[in-house]
Amino acid sequence: MNLKDNVLAELLRYQNSYLSGNQLAKKFGVSRTAIWKCIEQLKTEGCQIDAVTNRGYVLLSMPDIFSSNYMETLLTNCKMNWKVHFYDEVDSTNNYAKKLASMGAPAGTVIVADKQTAGKGRLGKSFHSPSGGLYFSLILRPELPLNDMMAVTACTATAIHQALSENHIHTKIKWVNDLFLNGKKVCGILSEGSFNAELLRMDYLVIGIGINLHSDPNLPEELKHIVTDIQTETGMMLRRCDLIAQILKQLETLIKDIGEHTYLPVYTENSCTLGHRVHVKAEKGECDALAVGFAENAGLIVQFDDGTREIIRTGTAQLLD
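Using the numbering used here, the first residue of the sequence shown is number 790, and each one after it goes up by one.
Bear in mind the hints are in silico, worked out from the structure with no lab data behind them.
One or more hints might be untrue.
Stated by the list, open to error - Pair ranges (Cβ atoms, derived):
hint : residue 1 : residue 2 : range
1    : T1057     : E1099     : 15 to 23 Å
2    : R1098     : H1014     : 40 to 48 Å
3    : D880      : T833      : 26 to 34 Å
4    : D1095     : P852      : 34 to 42 Å
As the list claims (entries may be wrong) - Derived SDA-like pairs: lysine to any residue, alpha-carbon spacing no greater than 25 Å straight-line:
hint : residue 1 : residue 2
5    : K974      : H1068
6    : K826      : Q804
7    : K961      : T1057
8    : K904      : L1008
9    : K868      : S857
10   : K832      : S857
11   : K1038     : F855
12   : K1073     : A1084
13   : K826      : C836
14   : K961      : S1060
15   : K868      : D937
16   : K904      : T1057
The C-beta atom is built at its ideal place from N, Cα and C for all residues, glycine as well.
Whenever a hint applies, use it, and build me the whole structure from the sequences.
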């Protein structure tokens, strides 16, 4: 880290306390003038820093910037060893994470990008990913049966819902991997992995998350009636580092207890799929049915017109009403 990053990290560490220029200078073995220059540079980058004679500096707020130091501070008390890597641009955070996972990157590795040039959605669809949104993928190595992998996606959706709820943003979850805000899609999740046929388990699972934070003047016309963003719906401007940390904290708790299905009550209560007729596209074909519940592994329980029921474990369910 350079001196400016070190100064910011120290201000973050003591965010509610004043640190004198002399303290900082001694800490990093530089002059007070060098510290003052760093403070001025941080101010030009959008950090609000109060400077008081004979007291020093205190960080009041910081802008929505990617900061490894700030991220580490936010994740200090996490039990999982999250390692967050920031990039200005990638083709797809999922592609990048899968490459790292195949090379042995540990569980807890997180890839974050300001922009994706080839963002991915489910079933080969693209995910519109302009600069300023929240796009990140995380590597997990869960020891779960293959049939339970859908539960990890459901856990992720629940974690995002709860993290947004902490910010007073109340979303609904559409089975299995989308979050809706005021009737429009605001977040998508894409789960991909590598299956070891010899050991009959997953080598790794990559969970990709895309959240629309800001309005996009270049949003394709065909998406305008189905996609929205947090700023448009709530007027709120969320800092990405803060939201990432909130999601990861929620997720590690839910993943730890995934075998006990602790995510299901919240997932069920906030579903916008249950109680509606859906058009299901699954391995066995397509059909219309009523969504009536969720299985323990997050499979969708549907009821057909003749009263019979089936658990849908893969595919899609399009709302019809």
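Checked hints:
no.	hint	verdict
1	T1057 / E1099: 15 to 23 Å	holds, 18 Å
2	R1098 / H1014: 40 to 48 Å	violated, 33 Å
3	D880 / T833: 26 to 34 Å	holds, 32 Å
4	D1095 / P852: 34 to 42 Å	violated, 58 Å
5	K974 / H1068	holds, 18 Å
6	K826 / Q804	holds, 19 Å
7	K961 / T1057	holds, 10 Å
8	K904 / L1008	holds, 14 Å
9	K868 / S857	holds, 18 Å
10	K832 / S857	holds, 18 Å
11	K1038 / F855	holds, 18 Å
12	K1073 / A1084	holds, 18 Å
13	K826 / C836	holds, 14 Å
14	K961 / S1060	holds, 6 Å
15	K868 / D937	holds, 23 Å
16	K904 / T1057	violated, 32 Å
Comparing the model with each numbered hint stated earlier shows that hints 2, 4, 16 do not hold.
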